[in-house]
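Following the hints, position chain B against chain A.
So the protein lines, in turn, are chains A and B. Quick note on numbering: my numbering labels position 215 of the first sequence as 215, and the sequence is numbered without any gaps. Quick note on numbering: my numbering labels position 144 of the second sequence as 795, and the sequence is numbered without any gaps.
Because the hints were derived from the structure by calculation, they are not lab data. The reader is advised that the hints may include incorrect statements.
As the list claims (entries may be wrong) - With a Cα cut of at most 25 angstroms, we get these calculated PhoX-like pairs of lysine-lysine:
id, chain 1, residue 1, chain 2, residue 2
1, A, K150, B, K855
2, A, K631, A, K578
3, A, K543, A, K642
4, B, K825, B, K855
5, B, K855, B, K802
6, A, K323, A, K301
7, B, K814, B, K825
8, A, K330, A, K301
9, A, K475, A, K434
10, A, K345, A, K323
11, B, K688, B, K675
12, A, K345, B, K734
13, B, K675, B, K734
14, A, K475, A, K631
15, B, K814, B, K802
16, B, K802, A, K150
17, B, K739, A, K33
18, A, K33, B, K814
19, A, K302, A, K330
20, B, K825, A, K150
21, A, K33, B, K734
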Amino acid sequence: MTPATPEGALHSIPALLARNVAQHGSKAAYREKEYGIWQSWTWADVAEETDALAMGLLDLGADAGDHIAIIGRNRPALYWAMIAAQKIGCVPVPLYQDAAAEEIAYALEHCGARFAIAGDQEQVDKIADAREGLTTLEHVIYLDGRGLRKYDHAAMTSYADVQDRGRASGLAARLAERTAAQDYDSTCVMLYTSGTTGRPKGVVLSNRNVIETSKNSAEFDDLRAGDEVLAYLPMAWVGDFIFSIGQAVWTGFCVNCPESEHTMMTDLREIGPTYYFAPPRVFEGQLTSVMIRMEDAGRFKKWLFDHFMEVARRVGPDLLDGKPVSFGDKLRYRLGNLLVFGPLKNTLGLSRVRVGYTAGEAIGPEIFDFYRALGINLKQLYGQTEATVFITQQPDGEVRSDTVGVPSPGVELKIADSGEVFYRSPGTFVEYYKNADSTASTKDADGWVATGDAGFIEEGTGHLRIIDRAKDVGKLADGGLFAPKYVENKLKFYPNILEAVVFGAGRDRCVAFINIDLTAVGNWAERNNIAYSSYQELSQHPKVLETIEGHVNAVNASVADDDMLSGCQIHRFLVLHKELDADDGEMTRTRKVRRAVIGDKFDDLIAALYDGSSEVYTETEVTYEDGRKGKITATLDIRDAKVLAKREVAA
Amino acid sequence: MKDTVDSYVTEDGRTIGKVLMDMKNITLRFGGVEAIKDISFDIREGEIRAIIGPNGAGKSSMLNVISGFYNPQVGEVWFRGEKRPPMKPFQVARHGIARTFQNIALFEGMSVLDNVMTGRLRQMNTGLFAQALWWGKAQREETENREAVEKIIDFLEIQAIRKTPVGRLPYGLKKRVELARALAAEPDLLLLDEPMAGMNVEEKEDMSRYILDVNDEFGTTVALIEHDMGVVMDISDRVVVMDYGRKIGDGTPDEVRGNQDVIDAYLGVQHD
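This is chain A alone, in the form it adopts within the complex (with noise of 0.2 angstroms):
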């Protein structure tokens, strides 16, 4: 529900706390699982919790316009920080909890925070190592005392403490003005982007930026109170602070904190939220837990899942679409719901999502397909921290795995001759902080923003489609369109597969190198009485190839589908005798493939895929966790794929 509130009073994040205190005060806004309990705070408990913790930061000198930085785990309290230090006119800045010492030092520095607050000894300690050669930060507040006792608390005071500081300040007046001295154009909060190129950047978000889009969105999906969601992806990520922050206190819905990160599945399925959002890896995993576990199971049961599994993919999309399915189809439906999607979902915890999203990588259509087969309403939306989450979003009934929907309410979009995409929206970022050169390249005078993605809007539904980053997309020595990324992701929705490297840009043709999901693998391995006795040797037995080149078989039939994409198909490829790892430079930290440093490192092996010989003999430089160096040595096979006959291309 949208309350008529005037919008002119409803400014700030703060406003509408006070808002929902007056409208529905005594329902749950924040819950967190502790000591085995949910515990809930109510609207009119955060306002009373945020007051203390703001006047307390008051008390201790907050000035209008500081940095704040906060950093832990999702917890109801440091949601409440973040809330404070906009009471008070100050700049939440979340940040990544798992992040080093010396990103956190850099954060900090570039922000110049006086305050942070930190969620456990862990985070304190980090913030203390940061803290030497740092001038700026004056005084560090922990939520969780434990294991701090002993610590040097001249700069350091308990959350709580800090709060009953504030309790006894008798400083509501200065409160009172701070918060209403907030206007739309204000900055409501400074996210730092992951920086996959160079030093991070401090995304400016004002509250226009956050509010315009959160009510957008609220309204695109009729998110409304009694919706449920679960926190549990980093605070410092733009899509966090718009779920648990922005919408929630938009629409007065609950967020729900896990217990730790190890109970997430646990508490996923104790909550039930109906609005969801999880990235494809997410999915991914879970889907692939599912098709394992049903590997072990009886054959009658198996025999059921398959049965209607097969029944659920022909007619579960079309049901949620609201398409028309013959009767004896709906009750085949309504029968496999009762003994097999109802408990399934149940188990994932999906039962009641009305609205689930995933986004940040594209996900495989197999993955996609299988979630909406069972009834959930799963749906893709594109975005970025500059664009405050919101680009394009599927709106129900046009959901396809192949595209990311339409521009949501308020963006516009354009794409360059170059292929890359641009947008304008109400949410579109204040500017890079300290950072005027950044700013001015990624975002021009009229206000258009460059993504760094390429991708084209389809005719006839208007849907956008990512292709690329536009820096991998490239030509094939022919002209046609070389998109290895859309190759790769159909590449690893196969469980065999971990990850894919597709190589062919200013080539006739394209290759490939795959590694393999040692879990899958070495469990079809161990049901088959395969003995292996190194990933490597798994990784070139026979059989394996044979699978995997059916996998590549499989892809290429339906890359062959895409009338601009065909080329792409792969016609040589080699499974590799290392996993991929970010130790050794091939990946970044997020798990991306690094394609430039895996072309240099492995040139052997491409020449090889590229000259025809059936083998390669190769060495290769590891490095192990502890730093040591070695050397490992290998002779792959290469096989050749199925390539379908090219197309005429259209345009």
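Positioned in the frame of chain A, the structure of chain B alone reads:
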């Protein structure tokens, strides 16, 4: 060295109090075998006290004397400044002593939560009948005890396995559950029988961290037996070294490390 000071503060800022348990001239025999020969040492409040020694040195027997499972033929056990008469283990438990076992002694079929709840037995006073009906005071009592147990689960970070049957857990986690159960009794003195046996390096590091945290957060006095010298030297305040039932060394880790008898015992020099 014993009783020379009332209390002192360690380098890392913990206060070690007065003598909590004093073993005086303990001798323990099994038939003709003397497992413990005239050993005296004390355990002070708030300290981590280790008993080390080669296989068959009598360490576990010593721990069993402390826990009241064995009654020594000769010698006196003084606890909190009073001489302790021969006791059954459950009576010792009532005096605030809890322990873990070398060979894990958990209820395999029960969940982690239920196992830890059994450690609260000493805090439950309602009768069988009231508990079966879960009525009145029994209900309140269970809620209070559950809360205490949940705090320990949180402390030892075993939330994710709360409802898992113990039989399905890996070894390292079982050891942690045992520690949780012992802690649930809110002991003043915690006895750990080879808490690190059979663990890998990472599990040992975790366990060491938890022992230090327990000592630090709850002020629990810890007495432990351990084989791994590295771990013992790192975490304990004082160490007793036993060999063939005799005490051959007693002191801070550094003192013990330099003791010739100890070096001989560990390097296998011939005894006469």
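Comparing the hints with the structure gives:
no.: 1; hint: K150/A / K855/B; in the structure: 23 angstroms, holds
no.: 2; hint: K631/A / K578/A; in the structure: 11 angstroms, holds
no.: 3; hint: K543/A / K642/A; in the structure: 17 angstroms, holds
no.: 4; hint: K825/B / K855/B; in the structure: 13 angstroms, holds
no.: 5; hint: K855/B / K802/B; in the structure: 23 angstroms, holds
no.: 6; hint: K323/A / K301/A; in the structure: 30 angstroms, violated
no.: 7; hint: K814/B / K825/B; in the structure: 13 angstroms, holds
no.: 8; hint: K330/A / K301/A; in the structure: 22 angstroms, holds
no.: 9; hint: K475/A / K434/A; in the structure: 37 angstroms, violated
no.: 10; hint: K345/A / K323/A; in the structure: 22 angstroms, holds
no.: 11; hint: K688/B / K675/B; in the structure: 11 angstroms, holds
no.: 12; hint: K345/A / K734/B; in the structure: 63 angstroms, violated
no.: 13; hint: K675/B / K734/B; in the structure: 10 angstroms, holds
no.: 14; hint: K475/A / K631/A; in the structure: 35 angstroms, violated
no.: 15; hint: K814/B / K802/B; in the structure: 15 angstroms, holds
no.: 16; hint: K802/B / K150/A; in the structure: 21 angstroms, holds
no.: 17; hint: K739/B / K33/A; in the structure: 40 angstroms, violated
no.: 18; hint: K33/A / K814/B; in the structure: 15 angstroms, holds
no.: 19; hint: K302/A / K330/A; in the structure: 22 angstroms, holds
no.: 20; hint: K825/B / K150/A; in the structure: 30 angstroms, violated
no.: 21; hint: K33/A / K734/B; in the structure: 46 angstroms, violated
The structure does not agree with the numbered hints 6, 9, 12, 14, 17, 20 and 21 stated previously, though it agrees with the rest.
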